[in-house]
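Colleague: Here's the letter readout for the chains.
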Amino acid sequence: MSDATASGIASAAARSNRRDIGIKRRYAAERRFKAYGIIAIGIGLCFLAILLWSIISKGYTAFWQTEIRVPITFSEQILGTPEDALKSETKLMMANYPRIARDGLVKLLDIDPSNRKAVTAAGKLISSGTRVALRDIVLKDLSVIGTTQDVWLYASSELDSAMKGQYDLSVPENRRPISDQQLQFIAKLKADGAIAQRFNWGLFTFGASSRAETAGLGVAIIGSFYMMLIVLALALPIGVAASIYLEEFAPKNKFTDLIEVNINNLAAVPSIVFGLLGLAVFINWFGLPRSASLVGGLVLTLMTLPTIIIATRAALRAVPPSIRWAALGLGASKTQTVFHHVLPLAAPGILTGTIIGLAQALGETAPLLLIGMVAFVVNDPATPMDPATALPVQIYMWANEAERAFAERTSGAIIILLAFLAIMNLTAIFLRRRFERRW
Amino acid sequence: MENMQATFNKGRAVQAAIPIKMTSRDVTVHYGQKQALNGITLDIPERQVTALIGPSGCGKSTYLRCLNRMNDTIDSAKVGGEIRLDGEDVYDSAIDVVELRARVGMVFQKPNPFPKSIYDNVAYGPKIHGLARNKDELDEIVHISLRKAGLYKEVHDRLDEPGTGLSGGQQQRLCIARAIAVSPEVILMDEPCSALDPIATATVEELIDELRENFTIVIVTHSMQQAARVSQLTAMFHLGDLAEVGPTEKMFSNPDDKRTQDYITGRFG
Amino acid sequence: MSTPTILLIVFAISLIGAVMAYRRASTLAAAQATQLHSRPVYHASYVACWATIPSLLLLAAWLITAPILISTDIRAKIPEETLAQSELTEGLAYGIVESLGSGLRVLPADERETVTDQTPVKDLSALLRKRGVPVASAGADWMVPLAVELNALQVISRWVMTIAVIVLAGFGAGWGYKKIAPRLRARNSVEGVVRGALIAASSIAILTTIGIVFSMLFETVDFFSRISPAEFFFGTVWEPRFSAAGSTGSAGSFGFIPLLAGTLYIGAVAMLIAVPIGLFAAIYMAEYAKNRSRSVVKPLLEVLAGIPTIVYGFFALVTVGPFLRDLSTEINGLVTGNYSSFIQAQSVLTAGLVMAIMLIPFVSSLSDDIITSVPRSLRDGSLGLGATRSETIKKVVLPAALPGIVSALLLTASRAIGETMIVVLAAGVAANLTLDPFQPMTTITVKIVAQLTGDLEFDSPQTLVAFALGMTLFVITLCLNIYALYIVRKYKEQYE
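Residue numbers (full-length UniProt numbering), protein chains in the order written: chain D, 1 to 439; chain L, 1 to 269; chain C, 1 to 496.
Read the hints as simulated data drawn from the structure, not as lab findings.
Check each hint, because a few of them may be wrong.
What the hints assert, rightly or not - Between beta-carbon pairs, the in silico distance windows are:
id: 1; chain 1: C; residue 1: A200; chain 2: D; residue 2: R433; range: 43 to 49 Å
id: 2; chain 1: C; residue 1: L69; chain 2: D; residue 2: N284; range: 18 to 24 Å
id: 3; chain 1: D; residue 1: D20; chain 2: L; residue 2: T73; range: 24 to 30 Å
id: 4; chain 1: D; residue 1: F435; chain 2: C; residue 2: S228; range: 55 to 61 Å
id: 5; chain 1: C; residue 1: A29; chain 2: D; residue 2: F435; range: 36 to 42 Å
id: 6; chain 1: D; residue 1: T256; chain 2: C; residue 2: F233; range: 34 to 40 Å
id: 7; chain 1: L; residue 1: R212; chain 2: D; residue 2: R19; range: 21 to 27 Å
id: 8; chain 1: C; residue 1: L327; chain 2: L; residue 2: T73; range: 52 to 58 Å
id: 9; chain 1: C; residue 1: A30; chain 2: D; residue 2: T256; range: 54 to 60 Å
id: 10; chain 1: C; residue 1: I156; chain 2: D; residue 2: N284; range: 23 to 29 Å
Note that CB positions come from ideal geometry on N, CA and C, so glycine has one too.
All chains, please: the whole structure from these sequences, using the hints.
Modeller: The following block contains the structure:
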């Protein structure tokens, strides 16, 4: 008890001689400073949310495509008989498929075939891409000629946009891309259950097209895939070899210093400069073809190398020297030590760095523009020497199209690109979590 | 339980004649799941040097950092029990940690001068606390602090040079001057000489002895000779417990606790 | 034989050699009492090295030099007087000869037989077109013999090369095999080769830089031989006209100043927004945030860094630009009653703002690293004196981290200057020289893209100027990077 009173007196004495050190003011400053930090982070996260929301809200509809179920009569008058087709495919190839499709739709909608205006309006609801779709059906099975089949056809981008509610229907008829008559057709199709939104596989498989509904990322995905393969096949071994040399063998001298500075600088050189390098060296000097994914892959390899080297060196440095001493002490040569002990231990770190480097390369656009990958490529490239585009470049090309449906496709393409990147980065994070060793 | 009670009594039974500056009752510290201090009860006498000794990892630095709440800066650390400074609970929500640290200063194991000039290093504390009304007062505080730290003669002509350019011993005395400049009531020293050579150590030890006139000092040390040289009261820590506490002379000549005996005779350490 | 086939054969030879070497080394080890210096697997690799390395070097050298030798030979034979009449340059004429020659290889053997020196170019073109090979219309009869000769030379060169490379591979394998002996230090030799390969790999970084510098240097020098450097660097009008091929009119003006101004202006706007946000975010995460929230917020902000710049460009084009334009319309309407926009959809502000979003994570993660690398003892020293956290940060941590932060900002600036896709889509193409941030301006990178997409002619200033721009961009960012790296190094030394 006495203890308590004693301390009470002491504290009173202490309080009387307490100095004024501006606590209140200083804590206000502290709170303000902290608030700035929170606001800054908030703004950053806010930007991220707006960005993602803007892309996703615009783009998710691109994964659905409006299709119309049309009873198609594969008439012999237009296509010729199967016997003719066996003799020469020319007539089958050149036949007027859009006319067949239109006739089918006209029949479906009960339009008087002599009403030219109505027939034209109905025809505009179907994508011009039906030519290829119907031709493929006939070529696959000649026996359809002369029969009538229900076929799901791609709707035109105007109808697609209208179905997705992307047009403001309150504006006067002549100022919107879809007429009242066409809207009536749509209503009738809906009532018949002959119109539906189906998953848009074409977005992943089609090549370039001037019509939004038949434009797809097929060529771009293949092109990007080739380039990633090339980057992986070249940048990984070269990057790992360079890192091993610099980290394990290189003497400390002017030359290795120069390499160090070089690598760090290359990591910060604007990507477009690599495009100029590719254009001047690979295309103009070596004579490699423009627009080829081979050249793109080489340019991206040079760009990715510094990233991989920096990550690999960090991974090698994280292996404790005691491992090296142990191996050397057993009489292993320096090379054996590195390849048998250090490299396997550093492998998870190297892999993570490589995946992150690949993800960067996958999103790179500017250098590819300069080596001519902005091309209108319809057919899938069979080899890396064929003209191709890349995912980000396709996004760039679509972003420059004016049509409403292309904006939707662009956002859809961005979602696909971001999904690829997310998968790669998550894999990297998973690997790091799973295999990371703490020494 | 019995053991704890015994330690409790040991901690309190010290020299009733000298006023007590800080008291601690049953102080515990957890780092996450791991308990680092198991209930320390210790009184720290005013204007005396209290030495905390013990083998490494015994919790003496952890205890020291509780006294001015430096453990707050470690996220995982949780402090229990009660510590009073002049009767006020330092972990009370009414007590401000900034104010507390202005009253209980600290000198660290490794000299850690700021990458600023010698003058700015010493002036830093008075400036942030607004202790000087004008430049002249600030100059005076800096000069007095440097003098008290025994550094003035060596550096008075180069106050504008960076503090990091001094020798190790000088740097540590600069850190002491920096602590003194705030005119704290208590100075905590966490192995202040462990990074110094023997000559610099001797200088700092002398300085500690002189500072006893004005300040209450708690010093963690690894070296028993140092504890014997500079302290009046010694507390022996062992594995998070307070093994024994008593007047320094008695501790080194005739310790009660077996662990203290073993330690000062060099069986472990 | 095609190059991949040759490679395949060389690898097959080296594989056979390696297997034989392995067997022989094993038998040697078993038969003789002496121990092998190296394990059999090293002997195998030793032989494989001998088989592949010299032959592949020969292959590479041949592939590079042979086309040059052949083309000089053929070019020398192009009759100069006919060339002068036909208004063709030598390069163009050679191009036609080359395409005729490569067309010949496409023809089936029996058709190729019919083509002789006397075949008129019309017939040859017709033959080629039938096989789907496009031929330039400017072909002339004198080109046919050259094309035939070119084709013959190429065929011969390829055969000689194939034989030489394969023989060399076999010879190398045999040589290595003969050297196998118990005391052969095969491991050391193989390790020497490995080390050589490692050195070669690390030299690629240097080669890349050399490649960048030289590829741009040649074109830049070419450009400056047509347009004077003074006109380029100090000109204030950018208006390169694309003149029709062959016509020698004025090439237009290539004033660099508007591009530089646009680049710096947009970069400055971006930095002005990104630096405070990024820096405060970094400070908060390094000094205040609990581990839990840090482990959520940090990756989220880094997501911004992982988003490709083309996505930012599209975001600027369809969301931010129109938003700012409409916003300005509303503000203008509320203030003056005149509903017209004063911010254009493509403007310095749009590009700067969106670029800032991209730079925030860059600034924050670089600064975060630097702030956390300030030793804890300094923080403790300050806190132990009774400073508040923010006082410690402002007066101790930030001054100590200043050099590092400056270098981080330089690296960020270098990135802002070199950024392409955002400005291509958001800044506009008009080379304005203005101080109004609501107007479009253009940048160096936008103009590089503009000059180099589409058809290229490597002898017109319109194409070459892109390399001059690229060179300038490279030099600017190089200076920023090197200076930043220099500061970082000094800074690291201070705390190590």
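Colleague: Taking the Cβ atom of A29 (chain C) and the Cβ atom of F435 (chain D), is their distance within the range 36 to 42 Å?
Modeller: holds, 38 Å
Colleague: Taking the beta carbons of T256 (chain D) and F233 (chain C), is their distance inside 34 to 40 Å?
Modeller: 36 Å Cβ-Cβ, so the 34 to 40 Å window holds.
Colleague: Is the distance from the Cβ of A30 (chain C) to the Cβ of T256 (chain D) consistent with 54 to 60 Å?
Modeller: Given a distance of about 44 Å, which is not inside 54 to 60 Å, the answer is violated.
Colleague: Does the hinted range 24 to 30 Å hold for D20 (chain D) and T73 (chain L) at CB?
Modeller: Holds, since D20 (chain D) and T73 (chain L) (Cβ atoms, about 25 Å apart) stay within the stated range.
Colleague: May I ask you to test the hint 23 to 29 Å on the CB atoms belonging to I156 (chain C) and N284 (chain D)?
Modeller: Roughly 27 Å apart at Cβ, these two residues keep to the hinted range, so it holds.
Colleague: Between F435 (chain D) and S228 (chain C), does the C-beta distance stay in 55 to 61 Å?
Modeller: Check passed, 59 Å falls within 55 to 61 Å.
Colleague: CB of A200 (chain C) to CB of R433 (chain D), is that within 43 to 49 Å?
Modeller: violated, 35 Å
Colleague: So does L69 (chain C) sit 18 to 24 Å from N284 (chain D), Cβ to Cβ?
Modeller: Distance hint for L69 (chain C), N284 (chain D) holds at roughly 20 Å.
Colleague: Is it true that the C-beta distance of L327 (chain C) to T73 (chain L) lies inside 52 to 58 Å, as the hint says?
Modeller: violated, 45 Å
Colleague: Verify the CB-CB distance for R212 (chain L) and R19 (chain D) against the hinted window 21 to 27 Å.
Modeller: Given about 22 Å between the Cβ atoms, the range holds.
Comparing the model with each numbered hint stated earlier shows that hints 1, 8 and 9 do not hold.
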